[in-house]
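Chains A, B and C are the protein sequences, given in the same order.
Residue numbers 1 to 467, in this note's numbering, belong to the letters of the first sequence in order.
Residue numbers 1 to 467, in this note's numbering, belong to the letters of the second sequence in order.
Residue numbers 1 to 467, in this note's numbering, belong to the letters of the third sequence in order.
These aren't lab readings, by the way, just hints derived from the structure by calculation.
It is possible that some hints are incorrect.
[As the list claims (entries may be wrong)] Below 25 angstroms or equal to it, Euclidean Cα-Cα: the simulated PhoX-like pairs (lysine-lysine) are:
no., chain 1, residue 1, chain 2, residue 2
1, B, K309, A, K436
2, C, K436, A, K309
3, A, K237, A, K306
4, B, K436, C, K309
5, C, K309, B, K435
6, A, K306, A, K436
7, C, K435, A, K309
Remember, it's a predicted structure, so these values are computed and weren't measured experimentally.
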Amino acid sequence: MKRKLFTGMGIAGVSLVLAASPAWAQGNTEASAIVQTVMDNLWVFIAGILVFFMQAGFALVEAGLTRSKNVANIMAKNIADMCIGVLAFFAVGYAFAYGSGGGWFIGGNSWFLSGESLFALPDPELLETGEWVSGGLSGATDFFFQVVFAATAVTIASGAMAGRTKFSAYLLFSALMTAFIYPVVVHWTWGGGLIAEFINWGDADSYSDFAGSGIVHLTGGVAALMGAIALGPRIGKYGSDGKPRAIPGHNIVFTVIGVFILWLGWFGFNPGSELAADGVVMSVALNTLIAAAAGGAVSAVVVVMKTGKPDVGMVGNGVLGGLVGITAGCGAFNTFGSLLTGAVAGALVVYSVLFIEKKGIDDPVGAVSVHGTCGIWGVLAIGLFSRYDDAFLGRDDAGLFYGGGLDQLSVQAVMVVIIVAWTAITAGIAFQIIKKTTGLRVSPEEEAAGLDISEHGAAGYHLETTN
Amino acid sequence: MKRKLFTGMGIAGVSLVLAASPAWAQGNTEASAIVQTVMDNLWVFIAGILVFFMQAGFALVEAGLTRSKNVANIMAKNIADMCIGVLAFFAVGYAFAYGSGGGWFIGGNSWFLSGESLFALPDPELLETGEWVSGGLSGATDFFFQVVFAATAVTIASGAMAGRTKFSAYLLFSALMTAFIYPVVVHWTWGGGLIAEFINWGDADSYSDFAGSGIVHLTGGVAALMGAIALGPRIGKYGSDGKPRAIPGHNIVFTVIGVFILWLGWFGFNPGSELAADGVVMSVALNTLIAAAAGGAVSAVVVVMKTGKPDVGMVGNGVLGGLVGITAGCGAFNTFGSLLTGAVAGALVVYSVLFIEKKGIDDPVGAVSVHGTCGIWGVLAIGLFSRYDDAFLGRDDAGLFYGGGLDQLSVQAVMVVIIVAWTAITAGIAFQIIKKTTGLRVSPEEEAAGLDISEHGAAGYHLETTN
Amino acid sequence: MKRKLFTGMGIAGVSLVLAASPAWAQGNTEASAIVQTVMDNLWVFIAGILVFFMQAGFALVEAGLTRSKNVANIMAKNIADMCIGVLAFFAVGYAFAYGSGGGWFIGGNSWFLSGESLFALPDPELLETGEWVSGGLSGATDFFFQVVFAATAVTIASGAMAGRTKFSAYLLFSALMTAFIYPVVVHWTWGGGLIAEFINWGDADSYSDFAGSGIVHLTGGVAALMGAIALGPRIGKYGSDGKPRAIPGHNIVFTVIGVFILWLGWFGFNPGSELAADGVVMSVALNTLIAAAAGGAVSAVVVVMKTGKPDVGMVGNGVLGGLVGITAGCGAFNTFGSLLTGAVAGALVVYSVLFIEKKGIDDPVGAVSVHGTCGIWGVLAIGLFSRYDDAFLGRDDAGLFYGGGLDQLSVQAVMVVIIVAWTAITAGIAFQIIKKTTGLRVSPEEEAAGLDISEHGAAGYHLETTN
């Protein structure tokens, strides 16, 4: 991701094209440097399009796993996340995350993209300084890729809050998340704030998170958890004995097609985070594919062991868990590390969903488990399987484990604590303020009638008797 | 778009790669020129794929906003638009639009792509003449990108004619639209006909329409209007008092996922219209994203003001209105001009839908408002926010308004009148002929039974009692 | 496809960029060669993403054309095909197909991608040997593109086995198909085994199959046929008089959106099989588009002639038949050959579906006809319309027919026989073993209840009375 100042980035930012043989870099003519720069921008833009489309995937997964009487509301929330996310991130979020004028806590300047060079591609003369690839995105390309990540972060919370949240309250939360809560996390990591300045065990061991298992998914997952707690469970989710009851989703086709769309989008999310077009892109995609497959397969085995049947929604969440898990390490692991990371994530999802349900927290789609639990696992896995070393540029593929070492593992754990604390506190305060002012939850009557009717004035489905 | 002979193109056609520093262009080796040419073709092809996929988005939006008893018919129309559109545009439409052998009214030659160089990429020796980028697409690339636009233009009309049109009559109209009505509009503008020859207030002020707010969407929107008028409203749409009654759509998930797919496709539609891979592509995408977000947000506010509830289908149309609105100016506006264009379009959609409904015209999906009304707005906005000037190549981003000036505004308005007149007359005649010969509308009994049964012999849905 | 050692490849593998003017190749600097290599990898990777997404299309087509009580099972099978396919092809399938250590029958080495260079792009010094483009994919790029083809091959069979297959039995079959049956066919053709060694009528006439009408679709179609035969028809498909009865699909929207997604994915499947970024890519896409349109149009005409109504599902299958048909010849035909190939395929689908149904074989989605029948037609069409000749590099576009000649036709027919025999025997044995051990088909009670309940423990849909 942009301006990566720590391990995951500083190194990834240097294109293999240059790295593989420094001699060739010298041979690069200016003309080739321009063409390569255009290709870098084009690829990151195409990757951004794929991430954009994940919004449709999130909408379908959430719709499929919840009740039919709230389906229009779910669609509305997902459109709103993109509309509000784009406007809020454009106005202030991008500046908070990457603006040059701030300090370790938060960025400044660049409000409304002012001062960003949106059209011009970087000066190829940067080639001479060796920075032309890592600094090679135009302002438009960079914003496009960053803003769709912001929309992803907020949408994660949507699923955990399904079926009982006031639409107006959700819009407020969505704006706050994309304008402030998420951008601060980005500033602390990819934006060169906190981590680069304070939490840095030396170049080789600073926080590493290639595409955002922690920065995007954990942040979204914690916000989801705080939302679910602030709201309380849906009516009927827990019996008078306090035991959870199943509220089945209404359309498994939507859920699974949503999973496929998210999986598709992840081939932009992870490989696009290389922020350049080079040979690393495809190996990141390969790791992403293998981890997702392992996540799906292992979740199927575990859910059969626990319940006797291969629940389809759970397998879908296993695939997503594998994807979230590999998001941090996809640029640093070999294929075996990726396989293992995905497999563990696939098991974690099932246990986490059952654990959270038992604790009285109603997360209708499993968002906390998929993005929170597997997000933590993904961040920590860097300390176990990462292959960053002096030979990193060659990306030596032999052997199973390298391991970032204990130093690496500890800095990863510290950042998990920081992200959880920051998001829990800010989202928690936000939900309390909303609760006290506009109100966070609809009335029991409105909930029973369904949010489609009560909040949007029309049912989501109308099936005629003639059909 | 291809062979842009007026402002929007002549300038856009010159790649920023060259423009940013003419000195580098000199430094370009032939080898780099070839690689750049391949990338230009590859990007425009990928953009064409995205536009192709919009057909699925149109199908879903139309299906979701209409009744379940006509859903198979809607799917059939959308497949047919692509099949017929490809064959008709291949046979004659492309030649009418871009064929070299015609005059100001219509093109000639190139029937069945004969004489087009489908495989070979342009001769890099064109580099020496400074034309290698703008003329850099192979015949196959160019046709692919153009034909999916033609399919879009006709599909727009499908929604306004939903629920009562004979399938055979629709097929006739679809062929006529892609073979003749739309190609003539293209020839007059992007094809170098009418506009280039007659309506040209000088280089700086000739008609500008980067990706087709007027050429594609307004043409489709006017055809939609003529179709809706020729058909008359669906049975039950207007009470005996003449007042409109709501006929709710049957599946909001389809509608919103369709909107997301269209939004996705627009990242090919607009940025692909640069017809080259350069730094402008991503800024066009940024403008597209911001306008759509503004359109969705403003439509939500306006619909709440008018009805008290955030109707989800209307917000979806607000997003689409913002997209249609920015389609003309996405290559010429800065981000603030784009924001404003999208915002105005979002409001226009709501008022236009209500106005058209009140006038007794039954447009089940709001196609006339989204594509017609916002198409006009997009074309006119060029006269307000366009930043084309001597410094254009540098794409100065400072300040809010530049404005194309009154000359520019007037030429834009003239072209709106021409497009509306041409399409209204030709589509109007076509619908009358169809009405008098094969018939345009199904019988009331067939309409009541649903087109799925009466026209296709099988219902679109079969839900079993066991489920 | 990779390491194409026969006509379709040896020639296609040489980029037009080089071919158009060998003089320019000399002028290529090393820098440009690197940038071109990155672009080759990037394009093939993007094409692979599109093919990946076809899995969602297959899922939707199959779901739409079958009964609602089996819809969760269908979704589960399609997720499983991707998860199992990736893991099995990663473990052994890729090695069997392309591993260097085997003989004419099967490949070896490369287990778990060991020894493959996943990150590094090929050495541009290959440029000097003239092989840099055709050998220009990294191990990661190549595996990614190959594995999504493997997943496609197995998923084809899923549809023919819908509604009565044990989930565990299907998983076994899926693993066997992606680990062994399909990889062997690939090894014999694209992998340099059997065909390259034995069945070779000389360079100009060896087996040609650009993207796999035979290698992928026929293999999948024959497996589908064997599965349908081994299972027997669904309860109620044939009356006591032995005559087939219609079991209508439950959701035409899913079917048609699935067709659009598959059509979209085919723009990766076919043009990506060029395995390089050059001017051939877009002409392959053009041929693909035209054949699909012709297939859809002709199938509509034929189905109206046979039944009186334009059945929408059949038109969708006509489009898919056109796509399967052109998959072998898309790199070798001109536009007229493509049009004709698609048109014939569109008619074949309808007749084949009716024929197979009459023969007592229950293929709920028409997979055998679409992929098997049209796959055979596509392979044979190479002998009729292929334009491979000495002037091939120039891809002369004039005239309608060239024809591969009788030699070409006979080698194509021999390979059809080989693929059919291999797949029928191996899949047939596999199904018999499964039948005798774990069992292949669910009990009549489970079938009546629906696989969603009996195999996965939950219905796929839950529509509430409040809606």
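For each hint, the structure was consulted:
no. : hint               : verdict
1   : B:K309 with A:K436 : holds (23 angstroms)
2   : C:K436 with A:K309 : holds (23 angstroms)
3   : A:K237 with A:K306 : holds (20 angstroms)
4   : B:K436 with C:K309 : holds (23 angstroms)
5   : C:K309 with B:K435 : holds (21 angstroms)
6   : A:K306 with A:K436 : violated (41 angstroms)
7   : C:K435 with A:K309 : holds (21 angstroms)
In summary, the one numbered hint that this structure violates is 6.
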